[in-house]
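Student: Next come the chains, spelled out residue by residue.
Protein chains: 4
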Amino acid sequence: MKIAMLGSGFIARFYADSLHAQRRRDVIHSVYSRNLEKAARFAADYACAHHTSDMEEAIAHPDTEVVVIALSNDMHEAAVAICAKHRKHVLCTKPLGRTAGEALRMMRLVEGAGIFGGYLEDLCYTPKFLKSLASVRQGGIGRVLWTRSREAHPGPHSDWFWDKSKSGGGAIIDLGCHCVEIGRNFIGKDVRPVEVMCWADTQVHPIDAEDHAVGLVRYANGAIGQFEVSWCFRGGMDLRDEVAGTEGTIWMNNFLRTGFEMFSTGKGGDYVAEKAEANTGWLFPVGDEAHELGYPHMFTDMFDSIDQGRPPQETFYDGYVVNAILDAAYRSASSKRWEAVELPVWRGAEASEAIKGYRTYDDKHYLIKEEVLPGGVTKRILKDKQTGEVVSVEL
Amino acid sequence: MKIAMLGSGFIARFYADSLHAQRRRDVIHSVYSRNLEKAARFAADYACAHHTSDMEEAIAHPDTEVVVIALSNDMHEAAVAICAKHRKHVLCTKPLGRTAGEALRMMRLVEGAGIFGGYLEDLCYTPKFLKSLASVRQGGIGRVLWTRSREAHPGPHSDWFWDKSKSGGGAIIDLGCHCVEIGRNFIGKDVRPVEVMCWADTQVHPIDAEDHAVGLVRYANGAIGQFEVSWCFRGGMDLRDEVAGTEGTIWMNNFLRTGFEMFSTGKGGDYVAEKAEANTGWLFPVGDEAHELGYPHMFTDMFDSIDQGRPPQETFYDGYVVNAILDAAYRSASSKRWEAVELPVWRGAEASEAIKGYRTYDDKHYLIKEEVLPGGVTKRILKDKQTGEVVSVEL
Amino acid sequence: MKIAMLGSGFIARFYADSLHAQRRRDVIHSVYSRNLEKAARFAADYACAHHTSDMEEAIAHPDTEVVVIALSNDMHEAAVAICAKHRKHVLCTKPLGRTAGEALRMMRLVEGAGIFGGYLEDLCYTPKFLKSLASVRQGGIGRVLWTRSREAHPGPHSDWFWDKSKSGGGAIIDLGCHCVEIGRNFIGKDVRPVEVMCWADTQVHPIDAEDHAVGLVRYANGAIGQFEVSWCFRGGMDLRDEVAGTEGTIWMNNFLRTGFEMFSTGKGGDYVAEKAEANTGWLFPVGDEAHELGYPHMFTDMFDSIDQGRPPQETFYDGYVVNAILDAAYRSASSKRWEAVELPVWRGAEASEAIKGYRTYDDKHYLIKEEVLPGGVTKRILKDKQTGEVVSVEL
Amino acid sequence: MKIAMLGSGFIARFYADSLHAQRRRDVIHSVYSRNLEKAARFAADYACAHHTSDMEEAIAHPDTEVVVIALSNDMHEAAVAICAKHRKHVLCTKPLGRTAGEALRMMRLVEGAGIFGGYLEDLCYTPKFLKSLASVRQGGIGRVLWTRSREAHPGPHSDWFWDKSKSGGGAIIDLGCHCVEIGRNFIGKDVRPVEVMCWADTQVHPIDAEDHAVGLVRYANGAIGQFEVSWCFRGGMDLRDEVAGTEGTIWMNNFLRTGFEMFSTGKGGDYVAEKAEANTGWLFPVGDEAHELGYPHMFTDMFDSIDQGRPPQETFYDGYVVNAILDAAYRSASSKRWEAVELPVWRGAEASEAIKGYRTYDDKHYLIKEEVLPGGVTKRILKDKQTGEVVSVEL
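Chains as they are written, first to last, in my numbering: chain L, 1 to 395; chain P, 1 to 395; chain R, 1 to 395; chain S, 1 to 395.
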């Protein structure tokens with residue numbers, strides 16, 4: 001497939017490294033950058049036939065089959081509009097919009113034009129995530145009660161990220177979009193996110209936006225999706241997820257602890273990994289960063305979906321739902337109370353079965369807990385269905 | 001030192017195992033249980049000279065120098081009152097009270113009687129915690145921005161814990177007391193806890209109390225103490241703490257991942273560890289459970305403090321502050337908004353310096369971020385102090 | 001590139017899964033199996049245009065550009081001979097031969113025919129390995145002193161592996177080939193492997209070949225490559241490597257501990273990972289098995305090398321050197337002494353500088369050790385160059 | 001119990017810190033050092049009533065009930081002789097002797113005098129080791145096939161260790177004594193160690209003794225105890241053990257990975273842990289070093305054994321067996337072949353049942369392997385008892 005890349009910065013290069021690696025058959029044929037010199041350098045580095053400082057030219061180019069948006073957040077909507085105009089499939093980096101309103105308009109643009117709209121939510125495509133999700137769907141951990149997704153590092157590379165007017169916010173919009181969608185996948189995309197409670201503060205940096213936030217998203221079935229985002233973390237890039245269910249739990253460490261540990265006194269050695277903070281002492285490189293971050297599997301799903309005429313795992317609709325949750329998070333951080341998630345468009349279930357479900361022990365009792373004690377005795381703690389009395393039985 | 005043990009159940013035995021281990025010189029000379037037979041069995045197991053089903057008899061016994069309360073939560077206050085009456089030093093298990101009001105009365109009883117009141121908050125005495133706290137105080141991670149303390153397992157052993165009238169609540173009162181005090185220690189006991197936001201629900205068990213909760217405690221200096229408690233966790237006993245500061249981070253795993261891993265097909269093998277859920281497959285025993293849970297170091301501090309006439313690290317006052325924070329958590333879970341921590345007695349600082357503090361780059365700019373790029377170039381992101389404009393400089 | 005796959009069993013399918021994944025452009029157009037039905041099933045599963053039970057037909061097929069040998073060890077040489085006859089590039093699974101003699105003949109066949117001979121040593125292509133090797137070459141851990149490579153699991157899937165006449169041996173030939181080449185890469189392919197000491201035994205299985213072995217390969221510069229192989233390991237597939245150098249160390253866990261942990265009570269769940277032994281309790285799946293085992297990067301290097309007319313990282317010559325080391329290991333296991341590595345063809349350095357090199361402290365002393373003591377004092381332990389006396393100095 | 005401490009250096013202080021911690025009832029009443037000033041400083045630091053530069057005076061002191069030898073290796077025998085003369089119980093640090101001959105004489109001295117001889121092999125008393133050993137004895141991992149014990153760090157603190165005449169050797173005698181006894185415990189003290197193969201070299205330091213060695217000890221039942229010792233390791237103190245059995249495996253990390261991780265940019269922070277090499281970046285402190293290294297449990301066993309008139313877990317006899325194994329290791333490093341372990345005194349079993357034992361499948365076949373394939377099919381690989389043919393059956 002022939003790709004037009006919009007943007008030539010950090011993320012565009014990261015995408016390109018994945019797209020042109022491992023003998024993949026899709027190629028970036030055109031690149032757009034506001035700065036023509038940067039576009040030319042990118043085109044040289046990635047052997048693109050065409051480069052331009054006119055975005056529409058790259059999109060409208062007759063060879064362009066699909067457009068990848070790797071621009072600052074404030075430019076997503078305009079880029080999508082041009083794709084819609086020229087009916088070119090489009091993949092947009094995260095977050096989709098700066099607000100749900102913006103994201104909803106982008107969704108309507110692609111749906112109206114009948115083009116493919118893929119949401120480049122890479123952390124929902126890491127191999128660990130994909131396998132976890134499959135296990136969860138097979139019932140490996142029972143009903144999901146709670147998820148925790150944490151993304152924290154010392155702050156983004158690009159300067160526009162630190163400018164709220166361009167980015168739409170701080171750590172919540174930058175990192176929370178990942179965390180929220182990770183939680184939503186595990187809990188179930190069909191389950192409505194109802195309300196959000198969020199704390200946010202600017203603890204360290206001289207910026208207007210928040211550099212640290214923690215939030216809880218409550219879903220209609222009673223499950224909770226917790227997110228923790230920070231631009232204040234020291235120690236590298238902390239990407240960890242947890243899922244707790246009625247029958248099990250999953251822990252994932254996507255970056256800092258992947259079974260690869262190195263100690264160096266520092267004579268020799270060089271760049272270790274994205275956002276690593278040190279090059280001596282104990283270091284935790286990752287084998288193949290793009291892979292651990294989900295890029296190859298993400299692009300495979302996107303292009304296979306286009307080929308097969310089916311929606312990808314992560315669509316513009318998903319991006320819009322994420323933005324709606326983040327909007328509620330911002331409102332909550334300000335109002336200091338739970339805020340409803342406003343979803344003018346909702347395509348999931350209207351009602352969800354509560355995750356609760358008591359285990360009956362016998363006609364008269366519920367089972368609270370069963371445990372094998374050190375001596376081999378089985379102890380059961382029961383609750384009388386009528387009186388509510390708690391009793392314990394040892395067998 | 002001669003100890004009277006009040007209670008003969010799970011926690012009393014765990015305490016006794018620690019107290020009588022490793023050639024320690026303090027001895028339990030008397031044990032009280034409501035059930036005389038259980039008292040007799042305990043006395044036989046731990047070679048106690050005296051046992052009784054009359055609590056006051058154990059406390060008032062002329063040989064008793066210090067009393068250890070290992071009773072259900074509803075009996076703490078009454079036990080403390082008898083200790084005060086007979087002017088016997090007292091150590092009370094966690095939580096101190098079911099409410100801050102109860103805890104405050106207990107604190108006033110010991111202070112009024114001039115006796116020693118030690119709060120048996122064992123998880124603030126684990127060797128990892130003690131060394132972490134020392135590092136944090138030495139500035140090893142800079143100013144503390146956020147702590148996370150998580151305690152989760154499949155539910156308590158004792159049946160009274162599942163009865164709200166006896167326990168005072170569910171996972172919050174049972175486990176949150178640990179988490180809150182861990183966070184408070186790292187952030188600084190002198191810093192006032194201001195308000196709490198908490199989600200709580202009964203997700204799995206047929207009980208009135210909450211079996212899962214997540215909360216945030218905001219301190220006067222802007223730091224956040226996060227707690228996560230659950231009686232729904234599957235996989236053993238999950239005791240993890242994290243601390244993030246401006247110059248570093250600490251991760252502690254107190255139980256499930258301590259560098260001890262075992263795989264067994266299950267032919268042979270037996271009880272592995274408290275609250276472990278399996279005895280085949282990959283297992284994660286701990287070397288010395290009492291040690292990892294802080295009991296030896298806790299009792300050492302308590303008895304050394306009595307000997308030296310100084311307060312221990314964890315006092316009845318600390319237990320009362322913890323209860324006040326938990327009270328606010330319960331109110332917040334109900335009101336769905338941040339709730340103020342009500343502290344009729346407060347002995348810390350009245351005002352705390354905010355943790356914020358911008359780094360100046362030059363006369364005109366703040367430094368937002370400095371980073372060494374892969375090629376070796378140093379990139380600095382700056383903010384104009386006047387205009388707020390964000391610029392980036394590469395050197 | 002159009003590939004003919006020889007073999008349709010476990011490893012052939014694992015290769016095919018990697019080759020046809022992630023939108024790679026190379027395709028398997030033909031498959032050979034002794035069993036025509038199996039060939040047909042494979043062809044259906046992987047959309048191969050052609051299948052046959054005549055090996056030469058698959059190789060000689062005009063569309064075939066490159067042949068992948070995924071056959072039992074006893075059939076490698078014959079297959080290579082046919083590739084040479086038809087001048088088709090060939091990639092051969094590990095081990096190259098059952099003996100160095102066999103491997104040497106295979107090397108001469110491809111070199112004589114002027115075809116490309118790639119050695120499919122996947123574990124020298126895992127992303128962790130590749131990044132480690134780059135770090136080692138940059139001097140990140142100084143001079144390499146010792147490597148440890150361990151591959152252990154409960155025994156191979158295929159029955160022919162358990163038959164020594166087909167496989168050429170047991171765990172040494174099956175797994176040791178990986179370990180030896182991993183060590184050789186870190187120590188340096190230019191450095192001559194001099195001699196081998198090896199213990200081997202049949203500890204558990206009713207077979208003629210060894211099911212457990214440990215060996216040491218001594219290189220000309222004094223470095224040691226240690227290998228540990230077992231078909232008796234319980235707990236999954238244990239793939240761990242360590243490298244120790246004068247300035248650092250590297251630890252890799254390729255399979256059982258990769259930052260992905262799952263607990264399941266076992267209601268739900270299914271197949272977890274190759275050679276996992278359980279599906280309840282704590283499980284350690286890997287995100288993308290083929291990736292963690294090096295297949296994608298290996299095939300990329302192979303096909304890119306063919307395209308670019310350069311040798312791949314792992315050649316038939318490398319496979320032959322590995323076989324020569326394993327031959328010495330077998331001799332040592334029998335003779336119970338160090339055995340020389342016999343290399344009729346050697347293309348590396350004739351002499352290697354010893355890794356030793358003393359640090360001079362001043363004119364009269366060598367520096368043995370320097371250490372900062374708890375109080376901040378620097379302690380240096382020195383050796384008099386003349387007298388050999390050891391003295392310590394504190395500063 | 002009243003203790004006389006011989007020695008006032010690093011190890012004596014480490015012992016004293018453990019002995020006087022945690023409200024233990026035993027006290028060091030006397031200390032001997034060749035250097036009276038150091039003895040006086042030690043006495044002041046640990047509140048010893050008596051100090052002296054005359055070893056016999058400390059031992060013979062009427063208050064002395066037990067003597068702890070914390071001297072350089074060359075002084076152990078002389079010290080034991082004086083203890084025997086005055087019939088004082090004695091605990092000796094590791095290694096017991098510099099050779100088996102020396103150790104045997106020491107053993108005979110204590111046995112002849114009828115005094116208690118405890119071998120202070122602390123790493124056989126770590127809580128993880130004790131619990132592992134209990135699991136192994138309960139059959140948790142079946143029959144033990146192989147153990148690996150690794151102790152590696154950048155070299156000892158004390159200068160005498162670097163002088164072969166005083167220490168008796170290098171890393172083998174210093175660290176190998178631990179590793180050998182750890183393996184011997186797991187395999188069974190009753191099982192005779194038969195022969196040793198060992199590689200040793202001086203890879204880095206300007207010393208006569210070896211600074212790196214790897215060895216295999218073969219036991220009469222076919223089990224292997226592997227040891228890896230190094231004074232060249234960079235990254236801290238690497239203390240890891242593994243045990244593999246027919247039904248499971250155990251992995252222990254005693255020091256560098258114990259569930260305690262800290263990142264520090266280095267502003268603040270101080271001494272982290274014994275033999276840590278850095279104080280910035282990722283650090284891995286241990287909670288309570290003495291505990292993790294086994295000191296408290298070791299002294300408890302020693303004193304309890306004296307009180308109860310029973311032998312401790314680690315006796316002078318054990319120390320002598322360890323020395324005999326190390327002697328064989330040194331001979332093997334020189335002869336380059338397996339060397340027999342010479343045990344003029346052997347108190348274990350004369351013959352041991354081999355660990356081998358085939359599993360019969362049916363009258364005609366042995367079971368080689370059973371495996372559940374991804375699709376749910378059970379595959380069994382069998383061997384014909386008569387013909388030796390290997391066949392596979394799928395069910």
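Derived by calculation from the structure, the hints in this document are not laboratory data. Don't take each hint at face value.
Pairs count within a copy or across copies, as identical chains cannot be separated in the list.
Said to hold, decoys possible - Taking lysine-lysine and the DSBU-like style, the derived pairs with C-alpha atoms no more than 35 angstroms apart in a straight line are:
1. Lys379 to Lys2
2. Lys369 to Lys356
3. Lys166 to Lys379
4. Lys369 to Lys166
5. Lys88 to Lys336
6. Lys38 to Lys85
7. Lys166 to Lys2
Student: Taking the earlier hints as the rules, which of them does this structure contradict?
Tutor: Hint 5 contradicted; others consistent.
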